[in-house]
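Protein chains: 2
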Amino acid sequence: MENLEALQKKIRDRIAELNFQQPPKNLYQPINYTVGLGGKRLRPALCLLACDMFSNASDRALEPAIGIEIFHNFTLLHDDIMDEAPIRRGKETVHKKWNANTAILSGDTMMALSYEYIMKAPENIRFEVFEIFNQTAIEVCEGQQYDMDFESSHDVTLDQYIEMIRLKTAVLLAGSLKIGALIGGSDGSSADILYKFGEQIGIAFQLKDDLLDAYSDADKFGKATGGDIVTNKKTFLYLKALTIAGQEDRKQLLSLYQSDKMDPNEKVMLVKTIFDKYDIQQHTENEIDRYYKLALMSLESLDIEEHRKTELLRFANQLKRREY
Amino acid sequence: MENLEALQKKIRDRIAELNFQQPPKNLYQPINYTVGLGGKRLRPALCLLACDMFSNASDRALEPAIGIEIFHNFTLLHDDIMDEAPIRRGKETVHKKWNANTAILSGDTMMALSYEYIMKAPENIRFEVFEIFNQTAIEVCEGQQYDMDFESSHDVTLDQYIEMIRLKTAVLLAGSLKIGALIGGSDGSSADILYKFGEQIGIAFQLKDDLLDAYSDADKFGKATGGDIVTNKKTFLYLKALTIAGQEDRKQLLSLYQSDKMDPNEKVMLVKTIFDKYDIQQHTENEIDRYYKLALMSLESLDIEEHRKTELLRFANQLKRREY
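Taken in sequence, the protein lines are chains B and V.
Here the first sequence is numbered in the numbering used here, starting from 1 and rising by one per residue.
Here the second sequence is numbered in the numbering used here, starting from 1 and rising by one per residue.
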């Protein structure tokens, strides 16, 4: 078994070789820029890991894993236009560095390129891989739509929120694992268990992200604490607080989340005072723990030698413990 | 052999059945709206026609043909954002009726949906169909990029222009025919000949569009004559005129194409005076004729019973003769 770090390096090395030099350069330069921005390359590495678990031959999944990473980067590129985000991974976003039209069209091309790489899966499993990937791609779009819908909705439930992050974040982790497993030769039910694991750990991952945004060491996390609060983002913390807070605090929270003009530091302080009053940090940690444990149970139920699960277990633990 | 009109109706009927009712509705409503806007359904009908030519069983290609039409509508949707077009087929564009974010994301989802339908091709030929479609999708994006690049370029050549319209318009017609032929059971070289025919007729089609924009009965054509001139679009007519006009006229033409403030009617009149002086209408008709004849030669070289070519020949003649 290769460890996750080695597999991440394998992905980085393969991506370094991708260099779209064909014309038109105004189309392919932003693609090279986007794919080269870095990141943890977690999804494709998990794809390789799952393949390795069943085959000791992670390379079999290398090209489809690259397709997954290109797709992931495409979604970030288009999301950044929609969110008007100026910075991604410490660098200017494509729609800022070039323009929105370039970002739209380069993204479209990346989507087609991602299918090209996905379809390099071994022939015997190619169509199944395609079906998982395509379903995942559609669900990621649905998740992004819910995320945008929630911005202007005033009655988002916790269940709806979990469903949104499942679609927007978790299914791509899940699909990466399932695709890798199938390419590695796993049977369908093992692949489905890994999919479930990916969903559960993906939801835990996003909840942890919500938590760290409000409660973390800003230097480690790499962005200012409370960014979600300042932008009125309806995270798990906020929705949980609305569910359990008393009427007065609930009212104040709703009113704070309708203000755009307030001093950011004061706003974060006032919101977190309410959060703290209702132990929101603890509630969120409990929910993370719940999904984390579900993920571990999924992994336990997987019918494979125990030592083949070690690396995925270590990955789950890292995610849980991360402080940034 | 079914005739083209019958095949267009078959496509319209199948599209009428598509009705994405699943949530989130803010994602799928714009998709239903876009796919339902109408249009001639030419690409999918040609796909069925090519399939019919080799199999007498056009239905075999029905689902992939729908994938082609969804893809075509997706490109129009994203192009309309980039061009800031307010109207498409007489109705508000999605980014106007909803907003740009909705248009981006619904388009992305349509792209994934188009792959879903493409991959319903019969299993024995599925991967080949995918490869043609995916290559075509990438080339259409490249064509759109060149089209945008040309807006700010001052040294576009006629060859570059033809290559742009080949990518942006012709390859999807060509790919539709090739995919249909292969699903119908044609050999590779026959499919390649139909691809070539599609490219040639597609270029002729776009050149005819350029011509009709400047020289047509506005009532029949459905838009004001000279729209391309008013918006400084570097069409075949303009580029040809630059190539053959005397120095003074060339200068005047360049200067006219840099003015945005001029009275539109006066601008169209002045540009067309130069066009007329150099017989641009005739030159363009000659070029259309050249591509039309190349297409006919391709069709002649196709090794299939002559009566199986009749419908495609009739289609080519219709395109050539159209006055709107």
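One or more of the hints may lead you astray.
Copies of the same chain look alike in the list, so a pair counts if it fits in one copy or across any two.
Calculated lysine to aspartate or glutamate pairs in the EDC-like style (CA-CA distance at most 16 Å, straight line) [stated by the list, open to error]:
no.	residue 1	residue 2
1	K120	E131
2	K96	D83
3	K10	D80
4	K272	D217
5	K25	E139
6	K251	E63
7	K234	D217
These are computed hints drawn from the structure, not numbers from a lab.
Now for the hints, and whether the structure bears them out:
1. For the identical chains of this complex, K120 and E131 are neighbours both inside a copy (14 Å) and across copies (11 Å), given an alpha-carbon limit of 16 Å.
2. For the identical chains of this complex, K96 and D83 are intra-copy neighbours only, at 12 Å inside a copy versus 18 Å across copies, given an alpha-carbon limit of 16 Å.
3. Taking the closest pair of Cα atoms, K10 and D80 never come within 16 Å of each other, the shortest separation being 27 Å inside a single copy and 40 Å across copies.
4. Taking the shortest alpha-carbon separations for K272 and D217, only the intra-copy value of 15 Å comes in at or below 16 Å, while the best inter-copy value is 68 Å.
5. When the C-alpha separation of K25 and E139 is checked against a cutoff of 16 Å, the pair qualifies only between copies, where the shortest distance is 13 Å, while the shortest distance within a copy is 31 Å.
6. Neither within a single protomer nor between protomers do K251 and E63 lie at most 16 Å apart by alpha-carbon distance, with minima of 52 Å and 52 Å respectively.
7. Taking the shortest alpha-carbon separations for K234 and D217, neither the intra-copy value of 21 Å nor the inter-copy value of 55 Å comes in at or below 16 Å.
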